[in-house]
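All chains should be modelled from the sequences, with the hints used to inform the complete structure.
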Amino acid sequence: MAEVEPAQQTEQTASARGRTGGADEHAGQTTQRDHAGARRESGGTTGAEPRAESGAVVFLDGYRRMYLIRLFENAMHRLFLAGEVHGTTHLSAGQEAVAVGVCLALGPEDYVAGTYRGHGHALAKGTSPAPLVAEMLGRATGVCGGRAGSMNVIDLEHGLVGCYGIVGGSIAAALGASLSGKRQGHVAVAFFGDGAVNQAYFHECLNMAKVFSLPAIFVCENNFYGEFTPMASVTAGSEIAGRARAYDVPSAVVDGNDLWAVYAAARSAVERARSGGGPTLLECQTYRHYGHSKSDPAPYRPKDEVEEWLARDPLKLARARLLEEDVSEDQVAAVEEEASALIEQAVDEALAAPYPDPEAIVATEFRP
Amino acid sequence: MSTLEFRDAIRDALAEELERDPTVVFFGEDVAVAGGVFKVTTELFERFGPERVFDTPISELALAGAAYGAAVTGLRPVIEIMFGDFMGLAMDSLVNQAAKCWYISSEQGSVPLVVRSAVGAGGRFGGMHSQTHGTWFQGVPGLKIAFPSSPAEAKGLLKAAIRDDNPVLFLEHKRLYSVKGPPPEQEIVPLGQAGIARRGDDLTIVSIGKGVPDALAAAASLAEEGISAEVVDLRTLRPLDLETVLESVSRTNRLLAVEEGPRTGGWASGLLGMVAERGLHDLDDAWIVATDETPIPYSPTLEDAYLPDTEAILASVRSRAGVGVA
Chain A
118 MAEVEPAQQT EQTASARGRT GGADEHAGQT TQRDHAGARR ESGGTTGAEP RAESGAVVFL
178 DGYRRMYLIR LFENAMHRLF LAGEVHGTTH LSAGQEAVAV GVCLALGPED YVAGTYRGHG
238 HALAKGTSPA PLVAEMLGRA TGVCGGRAGS MNVIDLEHGL VGCYGIVGGS IAAALGASLS
298 GKRQGHVAVA FFGDGAVNQA YFHECLNMAK VFSLPAIFVC ENNFYGEFTP MASVTAGSEI
358 AGRARAYDVP SAVVDGNDLW AVYAAARSAV ERARSGGGPT LLECQTYRHY GHSKSDPAPY
418 RPKDEVEEWL ARDPLKLARA RLLEEDVSED QVAAVEEEAS ALIEQAVDEA LAAPYPDPEA
478 IVATEFRP
Chain B
1422 MSTLEFRDAI RDALAEELER DPTVVFFGED VAVAGGVFKV TTELFERFGP ERVFDTPISE
1482 LALAGAAYGA AVTGLRPVIE IMFGDFMGLA MDSLVNQAAK CWYISSEQGS VPLVVRSAVG
1542 AGGRFGGMHS QTHGTWFQGV PGLKIAFPSS PAEAKGLLKA AIRDDNPVLF LEHKRLYSVK
1602 GPPPEQEIVP LGQAGIARRG DDLTIVSIGK GVPDALAAAA SLAEEGISAE VVDLRTLRPL
1662 DLETVLESVS RTNRLLAVEE GPRTGGWASG LLGMVAERGL HDLDDAWIVA TDETPIPYSP
1722 TLEDAYLPDT EAILASVRSR AGVGVA
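Protein sequence lines correspond, in order, to chains A and B.
Residue numbering for the first sequence follows our numbering, starting at 118 and increasing by one per position.
Residue numbering for the second sequence follows our numbering, starting at 1422 and increasing by one per position.
Worth double-checking, as some hints may not be accurate.
As the list claims (entries may be wrong) - With the C-beta cut set under 7 angstroms, the calculated list includes, among others, these residues of chain B facing chain A:
no.: 1; residue: L1482
no.: 2; residue: A1483
no.: 3; residue: G1486
no.: 4; residue: A1487
no.: 5; residue: G1490
no.: 6; residue: A1491
no.: 7; residue: T1494
no.: 8; residue: L1496
no.: 9; residue: N1517
no.: 10; residue: S1526
no.: 11; residue: S1527
no.: 12; residue: Q1529
no.: 13; residue: G1530
no.: 14; residue: P1562
no.: 15; residue: D1586
Derived by calculation from the structure, the hints in this document are not laboratory data.
Model, not experiment: these values are computed from the prediction.
No residue lacks a Cβ here, since even glycine has one placed at the ideal position from N, Cα and C.
And the structure:
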């Protein structure tokens, strides 16, 4: 599986923020952290494909999901400003390639645990946009009937065991799902941010997953800020992936804005998990285009840093790569139009849907 | 007549449910090979093997989280958090994940897990190995809390807890582990139904766990003094069977709640509030025997004075009710 790791990356680019190279000798992998290299080395033609379709079809589907997430998040931004999304919401625009690249490598029966920045996790795993928009709006037709809201979505039908408002909660949820998964032949993925690696959840669960050789994949979405605070100022050690070394868990630093790189790394981790090889930690470096939450315009981020990341917008990169790989402009445009129509319809339906009626609902604390 | 030891009742319930349902798994610290620090779970590892019964790292947060994640995806995990005092470390996953899933998912799925813990003072274990965590969790909707008072009850409640589709905290008082009693007459003791442990007319003493045998001993002494005390065994703190308490109080008109824990924020004070809300007209008196508002001390003299034992119950009833209570 080494061929699909971002393992033999040799090139480094200026866009590899905070990464100045250096080999990461671990678990048989040699990792040099590099965006362009990851992309070059880890394209869709490596090894056995998990599905019958050609690579281009898989990645076009990935692009569709990414585009859907971007439109969804932009719609949530508008609907929040319009007073339709309540409380707060955490948008994942800019991070789409991580959720989608990982979920492309999963089957429908596999499990995912997401975060409070979890709209993308849900959409990537298969939650339909309409009930997800309705959930954001607190409507009765929401995927959780309006009881969960933006931060805590659960969609068991699609293997989304939950999204957690507590930093690090997803890690334990996936650990547990991997206990079931080991018996069922399924893998479990935890998405979490860079802030979560300083929680006990991260360390306890990496250790336990390794000692029981569980089919768990820990996907750190490192967007370099824990809420408002730069990751580097509160995180000891030079990298997050390196923490896995202490637990003898295979790890990789991945260009989280490169769908192909994320997919390749995720496939490798899924193969390891399914073959009894135990857990993997993927540090996917990415960037959120919005602030931490809807009350945060993110003034703490340097302008040139933001511009550098916006220039590497994962959607732009994916679109350009698809066109390079003989997907036609018409095909890409059709996917975009389909996603636009889907989101537009989902928003219209949700806005027209009723709020849950507190008189009509008999809430049950316990399952009878 | 055969007798059943409390610790064997727990082990038998686990063994029978592991046998009955292949999705039941049991894990925790030192529970498998060593058979538990209180020797409660011996022979389960040998009988069911490492896929069903296994030892874990000392990682209470991950343990609780693993149980939650496994429960929401098809297993029925029973975990042991060795001492109830350690539940603070497990709290996030239980409160924010396990307890909320059924409701906030709009009833897509539930979380059938059980968390067993040894609780209670009197063992000279000091302030961090003697607490009873039931009230830490009593205000959390979605969690059930069971606390058996006898071997038969322990077996029936644990089997009910394992079969229940919701997360259940299962409290085992350390000073009950070696108690022997009659085996259960029924396979299951339902969660949420209090029991009348002794019938009486003059006073209702409500307790749970170790407080029940203490209250029964007090009631036996009171009977010799001409006071007929009824003893209600709550069995579960959540759901709380208020109806059984109200019915009892409607006959006795006096309510004493005995809690091994501080009065402030305890289940007893909550119970008295609920009884007052619904049954004030039936009450001539209501009061609480609880502990001091301090951490649990170590020294035998201090710990004995701290505990609301049978003597404390008797002294309280005599001073509060007087001999003319009947």
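Right, here's what the structure says about each hint:
1. L1482: Because about 5 angstroms separates L1482(B) from the closest Cβ in chain A, which is inside the 7 angstroms limit, the hint holds.
2. A1483: 4 angstroms, holds
3. G1486: Holds: closest Cβ of chain A sits about 2 angstroms from G1486(B), inside 7 angstroms.
4. A1487: Nearest chain A Cβ about 4 angstroms off; hint holds.
5. G1490: This interface hint holds because 2 angstroms falls under the 7 angstroms limit.
6. A1491: Constraint on A1491(B) satisfied, holds at 4 angstroms.
7. T1494: 4 angstroms, holds
8. L1496: Hint holds; L1496(B) Cβ to chain A Cβ min 5 angstroms, cut 7 angstroms.
9. N1517: Holds, because the Cβ-Cβ distance from N1517(B) to chain A comes to roughly 5 angstroms (cut-off 7 angstroms).
10. S1526: 4 angstroms, holds
11. S1527: 3 angstroms, holds
12. Q1529: Status holds, d = 5 angstroms.
13. G1530: OK, holds: G1530(B) within 7 angstroms of chain A, min 5 angstroms.
14. P1562: Hint holds; P1562(B) Cβ to chain A Cβ min 5 angstroms, cut 7 angstroms.
15. D1586: With Cβ-Cβ at 4 angstroms, under 7 angstroms, it holds.
Comparing the model with each earlier hint shows no violations; every hint is respected.
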